[in-house]
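Visitor: Just so you know, we're using numbering that gives the first Met the number 0 here: the sequence shown kicks off at 0 and counts up by one.
One should not assume that every hint holds.
Here are the simulated SDA-like cross-link-like pairs (lysine to any residue), alpha carbons at most 25 angstroms apart as the crow flies [what the hints assert, rightly or not]: (1) K218 to D248; (2) K184 to E171; (3) K223 to A187; (4) K184 to T214; (5) K184 to K139; (6) K12 to G88; (7) K218 to L278; (8) K139 to D253; (9) K38 to K49; (10) K60 to I24; (11) K12 to N26; (12) K273 to Y227; (13) K5 to S208; (14) K169 to K139; (15) K163 to A187; (16) K223 to G173; (17) K218 to H264; (18) K218 to K139; (19) K12 to E268.
The calculated label-pair distances, taken between Cβ atoms and stated as ranges, are [stated by the list, open to error]: (20) V43 to F145: 20 to 26 angstroms; (21) L3 to S181: 39 to 45 angstroms; (22) K169 to S142: 29 to 35 angstroms; (23) L122 to K169: 33 to 39 angstroms; (24) R160 to E50: 36 to 42 angstroms; (25) H44 to R148: 57 to 63 angstroms.
Source of the hints: derived by calculation from the structure; they are not laboratory data. No residue lacks a Cβ here, since even glycine has one placed at the ideal position from N, Cα and C.
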Amino acid sequence: MARLTKRRQADTKAIQHLWAAIEIIRNQKQIANIDRITKYMSRVHGMHPKETTRQLSLAVKDGLIVETLTVGCKGSKAGIEQEGYWLPGDEIAYSVQPFFRTAAPNKDWETENHDWYCFECHLPGEVLICDLCFRVYHSKCLSDEFRLRDSSSHWQCPVCRSIKKKNTNKQEMGTYLRFIVSRMKERAIDLNKKGKDSKHPMYRRLVHSAVDVPTIQEKVNEGKYRSYEEFKADAQLLLHNTVIFYGADSEQADIARMLYKDTCHELDELQLCKNCFYLSNARPDN
Numbered sequence: 000m001a002r003l004t005k006r007r008q009a010d011t012k013a014i015q016h017l018w019a020a021i022e023i024i025r026n027q028k029q030i031a032n033i034d035r036i037t038k039y040m041s042r043v044h045g046m047h048p049k050e051t052t053r054q055l056s057l058a059v060k061d062g063l064i065v066e067t068l069t070v071g072c073k074g075s076k077a078g079i080e081q082e083g084y085w086l087p088g089d090e091i092a093y094s095v096q097p098f099f100r101t102a103a104p105n106k107d108w109e110t111e112n113h114d115w116y117c118f119e120c121h122l123p124g125e126v127l128i129c130d131l132c133f134r135v136y137h138s139k140c141l142s143d144e145f146r147l148r149d150s151s152s153h154w155q156c157p158v159c160r161s162i163k164k165k166n167t168n169k170q171e172m173g174t175y176l177r178f179i180v181s182r183m184k185e186r187a188i189d190l191n192k193k194g195k196d197s198k199h200p201m202y203r204r205l206v207h208s209a210v211d212v213p214t215i216q217e218k219v220n221e222g223k224y225r226s227y228e229e230f231k232a233d234a235q236l237l238l239h240n241t242v243i244f245y246g247a248d249s250e251q252a253d254i255a256r257m258l259y260k261d262t263c264h265e266l267d268e269l270q271l272c273k274n275c276f277y278l279s280n281a282r283p284d285n
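Please work from the sequences and hints to get the whole structure.
Guide: Printed below as a string of structure tokens:
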């Protein structure tokens, strides 16, 4: 049965800024309390204290930040109970014994079946969950033909509807996709060079279904794609994950958008004339 649900609420960019703030404060052997966090966010990111407090509260509800009540051990706060914030898992690693925790981190995030962010706009909020895959969408991000008509019925996302049709000649499809993925590798070099990557300890707490160009290439080589639409969906997933992890306005997101746009263009060219596509890509000795 199709249903709307709030998977997460906090902004992913704000979450990562908050993680950095908490980590820096903790590395200075201080309690990461609301006062220190708001000052850091205001100084480094220009975020208003009220917005910092709001995003921090949402992140705690999402299980992406842990709130504890601990006792200060030095300075003017010695012996005084304070709210402290931790990255998930750190409160255990540092053997914190909180007197009270407002929200426990979600321990089941690794086994959840669905993404936390809309596959179209990559933002949190109330989303519609696909019955066939991990993807979720805001109702407002869907065109009329894909919107839920009856809450008692099953709902399939736009991607699942598009990949229903299988391509009959997998060998031929594999040849064409190898041409496309080889250019994807060239264009993805800058994407892999810049900033954080999938080895970041918090990556999987934001990115539900990880994918990269080498994984896509491996699937092409092993003949795992059943249709061009399925291949395109993985290219879109790469864009989705990049925007979530690096931010919509990041250089990495711009690279991923161009990569996805170029991939879609090549698939369109392929559908127009397969023979033309092959001749323009194959080497003379092939």
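Visitor: For every hint, state whether the structure bears it out.
Guide: Here is what the structure says about each hint:
Proposed proximity of K218 and D248 is contradicted: the alpha carbons are some 30 angstroms apart, above 25 angstroms. Distance check on the hinted pair: K184 and E171 sit about 21 angstroms apart at the alpha-carbon level, within 25 angstroms; holds. Distance check on the hinted pair: K223 and A187 sit about 21 angstroms apart at the alpha-carbon level, within 25 angstroms; holds. Between K184 and T214 the CA atoms are separated by roughly 11 angstroms; this keeps the pair inside 25 angstroms, and the hint holds.
This hinted pair does not check out: K184 and K139 have alpha carbons roughly 34 angstroms apart, beyond 25 angstroms. Note on K12 and G88: the hinted pairing holds, with a Cα-Cα distance of about 20 angstroms set against a maximum of 25 angstroms. About 24 angstroms separates the Cα atoms of K218 and L278, which keeps this hinted pair within 25 angstroms; it holds. Simply put, K139 and D253 have alpha-carbon atoms about 24 angstroms apart, close enough for the 25 angstroms limit, and the pair holds.
A hinted pair counts as satisfied when its Cα atoms are at most 25 angstroms apart, and K38 with K49 qualifies at roughly 11 angstroms. About 21 angstroms separates the Cα atoms of K60 and I24, which keeps this hinted pair within 25 angstroms; it holds. Annotation: proposed proximity of K12 to N26 holds, straight-line Cα distance about 21 angstroms (limit 25 angstroms). Between K273 and Y227, the direct Cα distance comes to roughly 13 angstroms. Compliance with the 25 angstroms bound is thereby established for this hinted pair.
Pair hint K5 plus S208 holds up; C-alpha atoms about 18 angstroms apart against a cutoff of 25 angstroms. Between the alpha carbons of K169 and K139 the distance comes to roughly 36 angstroms, so the proposed pair goes past 25 angstroms and is violated. Straight-line distance between C-alpha atoms of K163 and A187 comes to about 28 angstroms, which puts the hinted pair past the 25 angstroms bound. Of the pairs offered as hints, the one joining K223 and G173 holds, with about 9 angstroms between alpha carbons and a cut-off of 25 angstroms not exceeded.
Restraint check for K218 and H264: satisfied, since their Cα atoms lie roughly 20 angstroms apart, inside the 25 angstroms limit. In summary, the hint linking K218 to K139 is not supported, as the alpha carbons are separated by about 33 angstroms, beyond the 25 angstroms threshold. For the hint pairing K12 with E268, the CA-to-CA distance comes to about 36 angstroms; that exceeds 25 angstroms, so the pair is violated. Hint check: V43 to F145, Cβ distance near 40 angstroms, so the stated range 20 to 26 angstroms is violated.
Checked against the hint of 39 to 45 angstroms, the pair L3 and S181 passes, with Cβ atoms roughly 41 angstroms apart. Under the hint 29 to 35 angstroms, the C-beta atoms of K169 and S142, about 30 angstroms apart, fit the expected range. Distance hint check for L122 and K169: the Cβ-Cβ separation is about 36 angstroms, which falls inside the suggested range of 33 to 39 angstroms. Between R160 and E50, the C-beta spacing of about 38 angstroms keeps the proposed range 36 to 42 angstroms intact.
Separated by about 42 angstroms at the C-beta atoms, H44 and R148 break the suggested range of 57 to 63 angstroms.
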